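Protein chains in written order, with numbering that gives the first Met the number 0: chain S, 0 to 267; chain L, 0 to 326.
Honestly, the hints are just simulated from the structure, not real lab data.
It should be emphasised that the depicted structure is a prediction, and the values quoted were computed from it without experimental measurement.
Incorrect hints may appear among the rest.
Unchecked claim - Derived DMTMM-like pairs (lysine to aspartate or glutamate); straight-line CA-CA distance at most 20 Å:
hint, chain 1, residue 1, chain 2, residue 2
1, S, LYS30, L, GLU91
2, L, LYS300, L, GLU36
3, S, LYS147, L, GLU93
4, S, LYS147, L, GLU36
5, L, LYS26, L, ASP85
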Amino acid sequence: MADEKEELEPLPSVLADGLKRQVLAVQDYAKLSFQSVSNAFTPPFYWADTLEQMDVIGVGSLPIIVLTGFFIGGVLVLQTAAQFERFGETALTGDAVALALVRELGPAITALLVAGRNASGIASEIGSMVVTEQVDAMRALGTDPIRKLMTPRVLATVAMLPLLTAVSDFVGLIGGFLVAYFTLRLGAVQFWTRAIHALDFGDLVQGFAKPFVFAFIISTVACFMGLRVKGGTQGVGRATTSAVVISSVILLVTDTFITRLLLWAFHK
Amino acid sequence: MTRAVPPAESRGQFSELVPGEPVISFKDVRIGFDEREVLQGISFETLPGETKVLLGEGGSGKTVIMKLAAGLMRPDSGTVTVMGHDIGAMPENELLQFRRHIGFVFQEGALFDSMTVSENVSFRLDEEGVDEAEADKRVHEALRFVEMEPAIERFPGELSGGMRRRVSIARALVDHPPIVFYDSPTAGLDPVTCQTIMSLILRGRDLQGVTSLLATQRVQDAFSLANFRYDKSTNRIVRDKRENGNAAQPTNQAQRAPVQSDAPRKALTPNVSKGREGEAASIVENGAISPTNVLVLREGKIYFEGPADELLRTSDAYLKEFLASAR
């Protein structure tokens with residue numbers, strides 16, 4: 000009993016240790032992210048690996064992005080139309096759908112889907128390599144695993160997410176138009192004219208700046224979680240879950256700040 | 000992929016092993032994990048051409064020593080010097096360059112599971128930008144050496160444990176490194192496969208004259224290296240004719256041998272090779288095989304260091320018990 004009492008650490012010390020670990024993790028993450036970016040400017044360049052990752056992340060994510068984008072556009076029309084009908088302003092549906100999709104829903108939902116699909120894939124793939132000593136083997140063979148594994152994934156995600164967002168926005172508008180056409184009897188010219196005119200340069204900047212930041216968050220968090228895996232297959236599972244949860248939370252929090260910043264920048 | 004690193008032929012600052020000076024040197028090395036000190040002041044030296052067998056129970060720090068020597072870990076205190084360079088103080092980008100001079104065989108092989116056997120073995124050559132035809136030739140040569148040529152297009156997942164270990168040896172030796180680390184190469188394998196793996200290590204050692212560290216829990220592995228040698232003329236593994244095998248201290252001849260990693264390379268297969276310049280190769284070809292010494296670890300400290308035959312004659316109770324249990 001006396002031994003058990005001795006083993007218990009005082010609460011402030013436990014909290015301080017926990018806090019220290021978190022600060023160290025943030026520091027490691029920052030260092031790793033910086034290294035992954037700086038690697039992109041010095042040789043060797045792993046273009047083949049980057050192209051392969053672009054295929055996996057970009058082309059591989061396309062079906063779910065198209066599918067979800069379409070239905071999000073559709074449901075957005077259903078929700079907004081119900082409100083606009085009360086004021087007899089259903090013609091404004093095109094404006095609402097375009098602004099909501101391009102400014103916010105397109106980038107955020109596409110990023111969340113890519114986080115779910117690719118952050119988990121990246122973390123589990125790299126994590127499995129860590130626990131089976133493949134990452135150590137790579138280092139032992141004189142290859143930098145950050146340069147070989149992380150940089151191509153970061154570059155590929157940063158290149159692909161804005162394109163996926165553009166596809167998602169476009170398909171979402173098509174979905175919105177079809178629902179508007181069949182439920183509100185809104186004409187094609189009316190819908191598309193209003194949708195396009197509703198958007199100005201600031202909206203497009205907002206819609207396409209966000210995916211770059213989100214892509215960076217998703218890929219660096221996923222690689223970081225994968226590279227620090229400990230504890231065998233159970234550790235890989237934990238890292239995979241953490242990669243999705245943490246990257247999703249960070250990107251949504253960041254979204255708020257970017258939105259505020261860009262609204263201020265474009266005087267909205 | 001863009002070629003960015005110098006080929007193995009121009010290894011620059013790491014190109015030469017200084018005759019008579021230790022290739023690997025540990026001085027009062029300490030390292031701990033989770034408040035447990037795994038190595039408690041380890042000091043030893045490995046001379047050019049020497050094979051140091053690290054024996055010890057699981058968790059005694061054998062793998063940690065190998066990883067420290069390869070620069071995959073850094074010591075908490077003490078110095079790890081390899082080829083005259085302080086590995087513990089070297090920045091990672093220099094370490095990557097340094098590691099091109101070593102071969103590392105991991106315990107479970109650590110083959111890249113998304114690549115074929117051929118891609119695994121040629122990984123280092125591809126990174127160094129070796130010409131495709133030359134790389135292909137060397138990959139075939141290395142796989143022929145480990146008798147895995149028929150599996151060249153298979154994936155690691157399709158191979159047995161012993162086959163994976165053999166491919167891992169081929170990957171480590173494909174670029175003819177002057178230093179090779181074998182981390183428990185026979186762990187978890189059946190006796191016949193263990194014998195095959197050890198014969199490959201013997202052949203690699205006696206054909207290339209490499210300096211190596213070999214971690215194992217099997218005492219037989221240490222005695223195999225100490226008492227057997229590869230006979231080039233008959234292409235067979237034979238017992239060393241000298242009394243007590245080669246388990247004597249490193250010979251003066253071996254210590255004098257300048258082992259240059261950028262010297263013309265000796266092929267792994269004897270019939271392909273036309274010999275390597277320099278005394279190290281001639282020592283091997285004259286049949287005086289590289290010296291083998293044993294280092295027994297116990298609870299993070301060196302408990303015994305010396306030739307294998309001395310270990311065999313020990314009267315120490317712990318070593319006797321260890322020898323009996325580790326056979």
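For each hint, the structure was consulted:
With a CA separation close to 14 Å, the supplied pair LYS30 of chain S and GLU91 of chain L stays within the 20 Å bound. For the hint linking LYS300 of chain L to GLU36 of chain L, the alpha-carbon distance of about 10 Å falls within 20 Å, and the restraint holds. Proposed proximity of LYS147 of chain S and GLU93 of chain L is supported: the alpha carbons are some 17 Å apart, at most 20 Å. As the CA atoms of LYS147 of chain S and GLU36 of chain L are separated by approximately 33 Å, the hinted pair breaks the 20 Å bound.
With a CA separation close to 11 Å, the supplied pair LYS26 of chain L and ASP85 of chain L stays within the 20 Å bound.
The structure shown violates just one earlier hint, number 4.
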